[in-house]
Amino acid sequence: MPKGMALIDRERCKGCGLCIAACPFGVLGFSDEYNSSGYNVAAMVHPEKCTGCITCAQVCPDVAIEVYLFRPAPVREAR
Amino acid sequence: MLADAKIPEGYVRVFRRPDSMSDAPYTYCPGCHHGVIGRLVAEAIDELGIRGRTVGIAPVGCAVFLYRFYRCDFVQAAHGRACAVATGLKRANPDLIVFSYQGDGDLAAIGTAETVHAANRGENITVIFVNNQIYGMTGGEMAPTTLPGQRTVTTPEGRDVRATGYPLKISEMLAQLDGPAYITRQAVYDVRHVQMARRAILQAFRNQLEGKGFSMVEVVAACPTNLKVSPVDGNKWVTEQALRYFPLGDLKVRDR
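These protein sequences, in sequence, are chains E and A. Residue 1 is where the first sequence starts when you use this note's numbering, and the numbers rise one by one after that. Residue 1001 is where the second sequence starts when you use this note's numbering, and the numbers rise one by one after that.
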């Protein structure tokens, strides 16, 4: 499985939970933290399950999520 | 801010905010579908590379705030008159890409006449119509698109069709006319429909670039705040209630 990472902008997040409901792998959940507007922000509670499928970012009404995918540079074989 | 975030080595970004959107955070309520629809419009502007010559028409209602969140020009029209203002802009300066972004309290109520006649004339404009079946900004009053039996602050016992009629099906109305090139109804309650709505909005802008004429994308949306439900239940409201009266799909696609 590809290794992904959803980066949530804490100040943009309004804690609506749509990303949590939409994530097909149960990666996201509510964190214990609140942002400066008083919203309970979403966070990756199971980061190891993330595949970088961008579902969360597509449904986020506040465009608060950036998604990254692990694509390491190809390693050269030692001669 | 995300700009300060540390990204581990080997990770590449596969999704980010569209360039056409400003850094201003949305002022919509949590879970409001305006946010997703606004992003899809910005992505279409980015993808077609038309930001420099795009002018949006802001209506009256929650949708009006959109001008703060874009990096393109905007004109605010009087209530309901966005299609009339768009007509003037496009006719006076045909090189501009003109789109209006209107809610149902604007386009389907006070602006019905302007919309119908702009569609009938086949004006070469793009209309994004966000249908959330309620007046959001003013506190949740009944809209022409409110579902029968739906409780709002002005229909506390539910909409009585004998007194206030039935939900106005604007897309079906316009699809009967010869003028429009593209009339479609989409939704954004899950990722598959977000992708379909994205393609529809892109097509509506492409039609304008190709001079095909009036294109309208209706998006059935939820207003969780005024429905008095959670954002997740707002999505359920769309699938279980709203789509019964507003079925999704292309209502008119003209090839020429």
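Wrong hints could be hidden among the right ones.
Restricting the straight-line Cα-Cα distance to at most 20 Å, the calculated cross-link-like pairs of lysine to aspartate or glutamate (DMTMM-like) are [as the list claims (entries may be wrong)]:
(1) A:LYS1169 x A:GLU1210
(2) E:LYS3 x A:GLU1009
(3) A:LYS1236 x A:ASP1190
(4) A:LYS1212 x E:GLU66
(5) E:LYS3 x E:GLU33
(6) A:LYS1006 x E:GLU48
(7) A:LYS1169 x A:ASP1250
(8) A:LYS1212 x A:GLU1240
(9) A:LYS1212 x A:GLU1009
(10) A:LYS1228 x A:GLU1240
(11) E:LYS49 x A:GLU1009
(12) A:LYS1006 x E:ASP9
(13) E:LYS3 x E:GLU66
(14) A:LYS1212 x A:ASP1095
(15) A:LYS1006 x A:GLU1047
(16) A:LYS1006 x E:GLU77
Rather than coming from a laboratory, the hints here were simulated on the basis of the structure.
We went through each hint and held it up to the structure:
Distance restraint check for A:LYS1169 and A:GLU1210: the Cα-Cα separation of roughly 28 Å exceeds the 20 Å cut-off, and the hinted pair is therefore not satisfied. Our distance criterion of 20 Å between C-alpha atoms is met by E:LYS3 and A:GLU1009, whose separation comes to about 13 Å. Annotation: proposed proximity of A:LYS1236 to A:ASP1190 holds, straight-line Cα distance about 10 Å (limit 20 Å). A C-alpha spacing of about 35 Å is found between A:LYS1212 and E:GLU66, which places the hinted pair above 20 Å, so the restraint is violated.
Of the pairs offered as hints, the one joining E:LYS3 and E:GLU33 is violated, with about 25 Å between alpha carbons and a cut-off of 20 Å exceeded. Our distance criterion of 20 Å between C-alpha atoms is met by A:LYS1006 and E:GLU48, whose separation comes to about 18 Å. The straight-line distance between the Cα atoms of A:LYS1169 and A:ASP1250 is roughly 14 Å, inside the 20 Å bound, and the hint therefore holds. With a C-alpha separation of about 35 Å, the suggested pair A:LYS1212 and A:GLU1240 falls outside the 20 Å cut-off, and the hint is violated.
Taking the CA atoms of A:LYS1212 and A:GLU1009, the gap is about 47 Å. The hint is violated against a cut of 20 Å. Among the hinted pairs, A:LYS1228 with A:GLU1240 is consistent with the structure: their alpha-carbon atoms are about 16 Å apart, no more than 20 Å. Of the pairs offered as hints, the one joining E:LYS49 and A:GLU1009 holds, with about 19 Å between alpha carbons and a cut-off of 20 Å not exceeded. Between the alpha carbons of A:LYS1006 and E:ASP9 the distance comes to roughly 13 Å, so the proposed pair stays at or under 20 Å and holds.
Distance restraint check for E:LYS3 and E:GLU66: the Cα-Cα separation of roughly 14 Å lies within the 20 Å cut-off, and the hinted pair is therefore satisfied. A C-alpha spacing of about 14 Å is found between A:LYS1212 and A:ASP1095, which places the hinted pair at or below 20 Å, so the restraint holds. With a C-alpha separation of about 28 Å, the suggested pairing of A:LYS1006 with A:GLU1047 is violated against the 20 Å cut-off. For the hint linking A:LYS1006 to E:GLU77, the alpha-carbon distance of about 29 Å lies beyond 20 Å, and the restraint is violated.
Taken one by one, the earlier hints fail for this structure at numbers 1, 4, 5, 8, 9, 15 and 16, listed in ascending order.
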